[in-house]
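Generate coordinates for the entire structure from the input sequences, incorporating the hints supplied.
Residue numbers (numbering that gives the first Met the number 0), protein chains in the order written: chain A, 0 to 543; chain B, 0 to 133.
Keep in mind that the hints were calculated from the coordinates and are not lab data. C-beta: ideal position from N, C-alpha, C; glycine also. Just so you know, nobody snuck in bad clues.
Here are the simulated distance ranges between beta carbons: (1) A:Arg299 <-> B:His130: 57 to 63 Å; (2) B:His130 <-> A:Pro540: 30 to 36 Å; (3) A:Lys420 <-> B:Glu49: 29 to 35 Å; (4) A:Asn488 <-> B:Glu49: 37 to 43 Å; (5) A:Gly258 <-> B:Gln53: 47 to 53 Å.
From the derived model, a few chain B residues whose C-beta atoms are all more than 12 Å from chain A: (6) Arg6; (7) Gln53; (8) Lys80; (9) Glu81; (10) Lys82; (11) Ala104; (12) Glu105; (13) Trp124; (14) Asn128; (15) His130; (16) Pro131.
Listed next, the in silico DSBU-like pairs over lysine-lysine satisfying Cα-Cα at most 30 Å (straight line): (17) A:Lys454 <-> B:Lys123; (18) A:Lys454 <-> B:Lys109; (19) B:Lys123 <-> A:Lys447; (20) A:Lys400 <-> A:Lys420; (21) A:Lys39 <-> A:Lys411; (22) A:Lys256 <-> A:Lys215; (23) A:Lys400 <-> A:Lys15; (24) A:Lys303 <-> A:Lys411; (25) A:Lys214 <-> A:Lys303.
In case you want the letters, here they are:
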Amino acid sequence: MTTKREWLEQTYKHAKERPVRFTTLSDLEVEPLYTPEDVKGSYDASLGYPGAFPYTRGVYESMYRGRLWTMRQFAGYGLAEDTNKRFRFLLSQGQDGLSTAFDMPTLMGYDADSERAIGEVGREGVSVSSVHDMQTLFDQIPIGRVSTSMTVNCSASVLLAAYLVVAERQGVPWEQVSGTIQNDMLKEYIAQKEWICPPAPALRIVTDMIEFCTKKVPRFHPVSISGYHIREAGATAVQELAFTIADGLCYVEDAVKRGLNVDDFAPRLSFFWDIHIDFLEEIAKLRAARRMWARLMKERFGAKNPRSMMLRTHAQTAGVSLTAQQPLNNVVRVALQALAGVLGGVQSMHTNSMDETLALPTEQAVMVALRTQQIIAEETGVANIIDPLGGSYAIEALTDKVEAEALEYIRKIDEMGGMLKAIERGYPQREIAEAAFRYQRQLEQGVKTVVGVNKFVVPEELPIEVLRIDPAIEERQVQRVRKMKRERNNMAVKEALKRVADACHSGENLMEPICEAVRREATVGEISDVFRSEFGVYTDPGWL
Amino acid sequence: MAEKRLRILVAKPGLDGHDRGAKIIARALRDGGFEVIYTGLHQTPEMIAEAAIQEDVDAVGLSILSGAHMTLFPEVIRLLKEKGADDVTIFGGGIIPDEDARKLAEMGVKAIFTPGASTEDIVKWVRENVHPRQ
Numbered sequence: 000m001t002t003k004r005e006w007l008e009q010t011y012k013h014a015k016e017r018p019v020r021f022t023t024l025s026d027l028e029v030e031p032l033y034t035p036e037d038v039k040g041s042y043d044a045s046l047g048y049p050g051a052f053p054y055t056r057g058v059y060e061s062m063y064r065g066r067l068w069t070m071r072q073f074a075g076y077g078l079a080e081d082t083n084k085r086f087r088f089l090l091s092q093g094q095d096g097l098s099t100a101f102d103m104p105t106l107m108g109y110d111a112d113s114e115r116a117i118g119e120v121g122r123e124g125v126s127v128s129s130v131h132d133m134q135t136l137f138d139q140i141p142i143g144r145v146s147t148s149m150t151v152n153c154s155a156s157v158l159l160a161a162y163l164v165v166a167e168r169q170g171v172p173w174e175q176v177s178g179t180i181q182n183d184m185l186k187e188y189i190a191q192k193e194w195i196c197p198p199a200p201a202l203r204i205v206t207d208m209i210e211f212c213t214k215k216v217p218r219f220h221p222v223s224i225s226g227y228h229i230r231e232a233g234a235t236a237v238q239e240l241a242f243t244i245a246d247g248l249c250y251v252e253d254a255v256k257r258g259l260n261v262d263d264f265a266p267r268l269s270f271f272w273d274i275h276i277d278f279l280e281e282i283a284k285l286r287a288a289r290r291m292w293a294r295l296m297k298e299r300f301g302a303k304n305p306r307s308m309m310l311r312t313h314a315q316t317a318g319v320s321l322t323a324q325q326p327l328n329n330v331v332r333v334a335l336q337a338l339a340g341v342l343g344g345v346q347s348m349h350t351n352s353m354d355e356t357l358a359l360p361t362e363q364a365v366m367v368a369l370r371t372q373q374i375i376a377e378e379t380g381v382a383n384i385i386d387p388l389g390g391s392y393a394i395e396a397l398t399d400k401v402e403a404e405a406l407e408y409i410r411k412i413d414e415m416g417g418m419l420k421a422i423e424r425g426y427p428q429r430e431i432a433e434a435a436f437r438y439q440r441q442l443e444q445g446v447k448t449v450v451g452v453n454k455f456v457v458p459e460e461l462p463i464e465v466l467r468i469d470p471a472i473e474e475r476q477v478q479r480v481r482k483m484k485r486e487r488n489n490m491a492v493k494e495a496l497k498r499v500a501d502a503c504h505s506g507e508n509l510m511e512p513i514c515e516a517v518r519r520e521a522t523v524g525e526i527s528d529v530f531r532s533e534f535g536v537y538t539d540p541g542w543l
Numbered sequence: 000m001a002e003k004r005l006r007i008l009v010a011k012p013g014l015d016g017h018d019r020g021a022k023i024i025a026r027a028l029r030d031g032g033f034e035v036i037y038t039g040l041h042q043t044p045e046m047i048a049e050a051a052i053q054e055d056v057d058a059v060g061l062s063i064l065s066g067a068h069m070t071l072f073p074e075v076i077r078l079l080k081e082k083g084a085d086d087v088t089i090f091g092g093g094i095i096p097d098e099d100a101r102k103l104a105e106m107g108v109k110a111i112f113t114p115g116a117s118t119e120d121i122v123k124w125v126r127e128n129v130h131p132r133q
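Structure (structure tokens):
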């Protein structure tokens with residue numbers, strides 16, 4: 000029997016090979032061929048059955064044969080009533096869950112009438128300054144039956160409180176409220192850069208929310224540990240994997256330090272990955288992530304509940320991979336990425352729209368993106384077989400490789416004293432900036448190719464229609480917030496804000512005082528101002 | 000006589016955290032031989048104009064991906080003028096539709112680079128179009 004090395008030296012060496020570097024998007028060198036010799040570890044220890052430790056092949060026994068992934072399109076723009084309309088359209092088109100995009104002021108903890116909000120109200124998402132806006136956003140949408148994802152981080156405590164108060168008003172008990180709030184502050188300092196206060200108090204608020212949800216809103220996912228933004232900021236697949244898992248470890252450690260039992264809260268932690276354009280690397284990344292998380296939860300934290308070890312995940316196709324040039328090509332990119340997500344075994348997915356490099360997506364573009372998932376689910380047959388690529392020599396070898404490299408990063412971060420410390424010294428931030436710069440250079444040197452950008456370029460004018468946000472929206476929302484602030488009981492608001500400030504110092508869980516403040520019509524900006532005054536303001540160190 | 004190195008302020012106004020492009024441009028300009036000052040994120044137009052004066056820069060490059068470019072560019076231009084620094088060259092980049100780019104050009108923005116622009120082109124443009132302030 001010829002060994003792989005003999006074959007490479009005797010046969011392959013004489014075969015024709017294009018004069019390029021054969022690497023993944025993340026610059027991992029790949030071999031021409033993988034064989035059984037490349038698959039290390041025993042089947043039981045490394046792969047096992049789906050729904051069983053270490054979950055490499057999937058978190059559920061029957062995977063998509065039992066239930067298809069949730070098709071969850073992220074949406075939000077303008078006023079709450081505009082997004083409410085889009086939500087109801089998506090639900091009527093067969094979408095299963097909602098996913099809310101807030102505008103930048105809301106995401107950064109400013110009201111629409113703040114000076115910092117000028118020009119940004121309702122532009123990149125929906126403007127929500129108070130519980131009134133939240134109520135309008137979910138008008139005629141039964142909170143008890145639809146699971147809602149909210150992408151918000153530094154002001155997440157306030158938005159979750161507002162959602163829970165709206166649930167109360169719809170007559171839905173908190174125990175029945177299901178959904179996810181992103182609330183992953185560590186990756187904010189690493190990548191997305193939405194923050195109010197410094198990392199340590201931000202972590203404390205996250206842990207308060209984990210504790211609160213575990214006790215009071217048990218069907219809610221209080222954190223979505225996110226690699227998406229890390230990748231979009233320019234990280235490699237390995238960095239995305241490593242930094243995200245390290246963030247997760249930091250949250251678990253902090254909650255355990257608080258005195259929570261790991262098996263009480265870990266089952267409600269979920270993940271969120273980017274699905275980039277390197278098809279095999281992304282599938283390997285998702286499989287490696289599951290195996291790493293399962294082993295780390297078991298070995299490091301002594302988790303016993305299998306659900307604590309299951310990495311359940313949302314995924315989104317890579318916004319950064321889309322091009323402004325020849326935007327119709329983006330439909331193809333998104334389809335391939337979505338297919339990788341499904342072959343990687345994700346639990347829910349957002350597919351990007353072809354026009355998103357230009358503006359928020361039009362309704363037609365959103366429809367094509369949703370249909371892409373439906374075609375994969377209903378026509379291609381890939382959902383019929385669990386982990387159909389498992390056992391592929393190449394996939395297994397790549398899974399091992401990205402896992403080994405990510406574990407090496409985690410070792411380094413452990414040495415620094417964990418992710419909070421690593422962030423404070425700018426380690427992941429610098430690693431990502433370095434990778435982003437390296438990739439840009441490779442693109443400009445033609446080492447890496449993006450069709451329509453540095454190869455197969457055609458002269459063109461903006462060829463497709465884009466969505467425009469009416470500037471009058473801002474003025475309407477500003478007036479609405481000002482009116483609400485004039486008409487509410489301002490004494491009651493002041494008292495409630497004082498209670499939030501006291502909890503910042505006493506160490507009392509912040510969520511109950513925040514819920515009460517929101518009930519009394521305190522705003523996102525006002526509660527965030529309490530964080531600013533009590534915890535201090537974080538500013539960008541501007542590391543290059 | 001050694002030529003004075005041009006000083007460029009790379010600024011990131013607005014509330015969004017999309018700093019990948021700004022940081023890449025800052026590094027590329029630095030590698031291209033310019034003095035580069037990077038403001039970091041979440042700057043107001045006042046902070047940017049103030050930094051431009053303090054740092055005595057020859058040009059300001061604004062990176063905007065939030066959709067607020069039609070508010071932020073004019074405000075920075077107005078503030079620089081108010082502070083007597085209307086000879087600072089203003090350029091920028093981000094997700095900016097052609098129609099808006101044309102309007103911004105009329106207001107005095109010297110160049111707008113949109114997705115797909117190469118760092119080489121940007122460095123070349125700065126070299127050819129930014130001149131030392133008197």
